[in-house]
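Peer 1: Sequence:
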Amino acid sequence: MKITAVESFPIRIKSQSSDTSQSFYRPSSPNQTLYAHHHEAVFIRIEVNSGLVGWGEALAPVAPEVTAAIIDKLLGPILLGRDARNMRSLWSEMYNAMRVRGNTTGFMLDAIAACDIALWDLKGKIFQEPIWRLIGGSYRDQIPVYVSGLSAEDVGYPAGSNPIEVAQTYITQGFTAFKGIPLDLSFRQAVGAEVILLYDGMWRYSLQDAISVARRLQTLDIAFFECPLAPEAIDDHRTLRQQTGIAVALGEAERTRYQFRELLIREAVDIIQADVGRTGLSEYLAIVDLAQAFHRQIAPHASTGLGICIAASIHLCAAIPNLYLLEYKPKSVKLANQYLTSPLVCQNGTFQIPAGIGLGVEPDYSKIMDAVIDY
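In our numbering, the protein residues as written are 85 to 459.
Simulated from the structure, these hints should not be mistaken for lab results.
Do not take every clue at face value.
[Unchecked claim] With beta-carbon atoms standing in for the labels, derived distance ranges: (1) Gly258 x Met85: 28 to 34 Å; (2) Gln212 x Asp448: 19 to 25 Å; (3) Leu269 x Glu346: 32 to 38 Å; (4) Gln100 x Ala439: 29 to 35 Å.
Note that beta-carbon positions come from the ideal geometry of N, C-alpha and C, so glycine has one too.
Modelling step: build the complete structure from the supplied sequences, incorporating the hints.
Peer 2: Quick look at the structure:
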C-alpha cells in the first residue's frame, strides 16, 4: 500500500454575511487574534497504489495557503513511496523533520494533522473497518454534545431572537448543554438546573479579573471556564483553579502530548479541549492516554472544522473512555454537510457515528474544487 499521490486543497468558502475581499480581521479583543472573514480550511487527498484514497483536513481558519504549502513542499515528499499503514512511524517522521528547528506546533502540526487523518481514513478503507473500531472499539454508540453558540436560525427563529426562547427550543429537541449563552440568573432559571452551561473566556482576562469572573460563574453553576487566560500563563491557570475551585478547560491552542504534559503536571487544567484538526488522530490518542493518567476528561474542540474534521472527532469520541462532551456548532455542521456526499447527523443531543469504513464520509470533490484558492 505505497503512497503514490499527496494533494492539498486550501479552500475558502465566501461568507454570505461578509462581502469583503480581505480574508481576515482583528476584532477589538485583548487577545489580538486574527479571525477569518470567510470559512477556510485545508483538505488533503492521499492515494495509494491500489487506487484507494484517504481524506484529511487541517483546521486552518486564517491563511490556509500556509498549511497547504507545508503539505506540498515538505510533508508530501516525505510520504510519497511509503506504506500508508505505518501511521505512527510516519507521524514521528513528519514531526521530527523540523523538530530541532522549533517547528513543533502551529502550522506545521496542523499540516501533519491533515496527513494523519487521511492515513487513518485510508487504513479504514484498506481493512474495511470504521476508524472507531481501528482505534480499539466503541465506548458509546452516540456522541453527547454541547451546543456552541445559540444559532437561532437553525431552530426556526430569526437572528437576534430571545436567547431563552432559542435555548428552550433546543432543549425540547434533546440538547441539554450550551456554550455562548447570556451569563445571567434569568437565563439559568429559565433553562433549569439540569442543563449544563459552559463559558468561553477567549483568553481575554488577567488573573485577578479571571478570579472575579469565575466566582460569578459559580453562582450560575457554570460547568467549565474555557480559555480564561493567555495560553502561556500555565501557573496562573493553576492559581485560578486553586483559588476558586472552578473547572478550567484548555487545549485548542495546543497540538502535542508534550504541551499537554506541562498543563497536566502543573495542575492547570481540568478538561482537555484539543482539536483533531490540529493534532490528527494519532497524537490525539496519545493526549487522551495522558489525560486519563491524570484523571482528566476530554471535550474536543470542533468549532470551524468542515466535514472531515468533524467526522474524525466523532470517531475519536466513540472510542475513548474519558469523553465529557463534543462541541457542536450548528452553523459549521450545516455548512460542512454542503461539502459532503452524505450528511453528518446531530439530533436529540448526540452525533450519530457515520456508517461505513474509514471516516464514513466523503467530500464532494466538485464542490471542494470550486472553493480551492490559488497560492
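Peer 1: Hints first: check each against the structure and report whether it holds.
Peer 2: Hints and how they fare:
1. Gly258 x Met85: 28 to 34 Å: violated, 41 Å
2. Gln212 x Asp448: 19 to 25 Å: At 23 Å between Cβs, range holds.
3. Leu269 x Glu346: 32 to 38 Å: holds, 37 Å
4. Gln100 x Ala439: 29 to 35 Å: Given about 31 Å between the Cβ atoms, the range holds.
Checked against the numbered hints listed earlier, the structure breaks hint 1 alone; every other hint is satisfied.
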